[in-house]
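For reference, the chains in residue letters:
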Amino acid sequence: MFLDLQTGNLAEPISGRAWDRADVVREVALRVGRLRALGLARGDRVFLPFGNRLEFFAELLAVWSLGGCAVPIDARLTAFEVSTLVAAAVPRLAVVDDATDAAVLAALAGSGVLVVQTADTGSTLASAGLSRLDDDALILFTSGSTGAPKGVLHTHRSLRARWIALREQLGVDDFARSLCMLPTHFGHGLICNCLFPWLSGQDLFITPPFRPDIIMRLGKLLDDNRITFMSSVPSVWKLALKLSKPPQAATLRRVHVGSAPLSAALWEDVRSWTGTRQVCNTYGITETGSWVVGLANADVPAQDGLVGFGWGAVVRVLRTCVTSAPLTAQAECAVGEPGYVWLNTPALMKGYFQRDDLTAAAVIDGWFFTGDIGILDAHGQLVLKGRERDEINKGGMKIYPADIDAVVERFAHASDVCSFALEDDIYGQVVGIAVVLADAQDATVRALYAWMRSHLAEPKMPARWWRVDEIPRTSRGKINREAVKTACAGQTPLDLVAILSAAPTA
Amino acid sequence: MSGAVDQVLADLKVFLRTIQKPGKALDSVGTDEPLVASGLLDSLAIMQVVVYLEENYGIDFAANGFDPDRLASMGGIVALIEQERA
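Residue numbers (our numbering), protein chains in the order written: chain A, 669 to 1174; chain B, 20 to 105.
Since the hints were made in silico from the structure, they are not lab data.
Bear in mind the structure is a predicted one, so any value in this text is a computation, not a measurement.
One should not assume that every hint holds.
Derived Cβ-Cβ restraints for the label pairs, each shown as a range [stated by the list, open to error]:
#1 Asp881/A with Gly22/B: 31 to 37 Å
#2 Asp88/B with Arg800/A: 47 to 53 Å
#3 Arg685/A with Ala23/B: 44 to 50 Å
#4 Gly22/B with Glu1138/A: 46 to 52 Å
#5 Gly49/B with Glu1005/A: 56 to 62 Å
#6 Arg800/A with Ser47/B: 52 to 58 Å
#7 Asp1163/A with Ala81/B: 33 to 39 Å
#8 Asn1012/A with Glu73/B: 43 to 49 Å
Positions of the beta carbon are idealized from the N, C-alpha and C atoms, including for glycine.
Start from the sequences and build out the full structure, keeping to the hints where you can.
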């Protein structure tokens, strides 16, 4: 089914719900019948502002069966952010669940989007096989939810290219019972952790994402469900290693870590806790269908930043970072010389949805500019050294400062703003913000907080705030976020708790 | 509550104030209310609570095992501290 002839079984180990393969076929057929009755046509886009539950996967396959394009959305987005994405993607309809926020439902309906509950399937069973390889299959919005959305658009062809590359590199046996604790609106969680095993006929166990109470019982969860594979992010491992008893049943055969590379020390700790040497970093870029570099045999000495070899991709490290001129061999860095990481893979996205400008800035002749800095070692392995992308990696969730700035810039009493990454022991990074306000009144700060809270999903809210007189800019008028961060480091941040406690806003 | 327990709770509140989400008043959260579900703490902030307990009360979670429900509320955390002290 979209990769092999049948899916695997599907289970929610936390709730205890499960569908076997026959259930999956029936649940998809019910939804095909319902979506067809609602008039879904080939090429229509369907928003899915929920995830990490059985029904999400049935909706996804039903949309694809009818030739539609699925658009999974973070369930935590505000109504404002959802409206922004609706304006950009113009979905034919949205399938929601019983946890979807009332304000989001109102925003969808107000935008003319037909809204249907995932549980409302009707009773008509139907089948369809209308998808074509080059149809639009999936849009994953990676940024711009507060302004100009940036949606990574994959076709069925690019997704298959990723899955088949993984199958050739890794086989499917290790993925027999795969656990996903990652959000299903991210490439890492959806395309690779969930769909690669499940569409290859392997069993998938899905939990709510990033739930500490689940992570704290991870060892038991692995044992109880005889999990053979899982993927995660470093911040989850920091929590699990400290608070969860290790698994005892020795069922894990393979473990991936994405979104940020493990340090060598944490890498060995994860190996020790999981009981398998097959633990590796996977370099995942949504634009290339996520896991694009890794170690097929991960039993190697742990090394800071080591990710490995291309999986269905040619990896090059170049001195150039521009897509305005064809790439040449002269730009290639020597072994061990740091440079910009470029990828060439048939799993590359079709482009950024209706943003040819962004696509042109990232892709040339099929080569994708990642924005990451790395080296190729003497064995040809990629070792990541840093990144130049303008993003904040909060526990594996990528937050874009421009999204936050765009909201503050629309606040009437803010004249300038700069958000930036702050190092954090738990999350890796959190959001800091420097803002120039029209006055020094606490009431203005409270009003700004309320404004931001109504426009930004909670994980994007800054952890530390600085009220500043000006935001330093370069001679060309650009903000240097690192310089602003450094300037703020020497100043006392606002005591936001005290300010908001003086007159609670909500 | 004894004076010692009151002091443990007071110290805990001082700490929680440094890691809480700003939009929620600490005083509005009852002693037995869940810290995360009430909106006071971000879910992963429980890790900071663990570090606080290790550093200030010498509780070794790695050695003792861990029941996440015991860190769910201020009352639960205080009880854990008192148990470790006993």
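I'd like to know which numbered hints this structure contradicts. Please list them from smallest to largest. none
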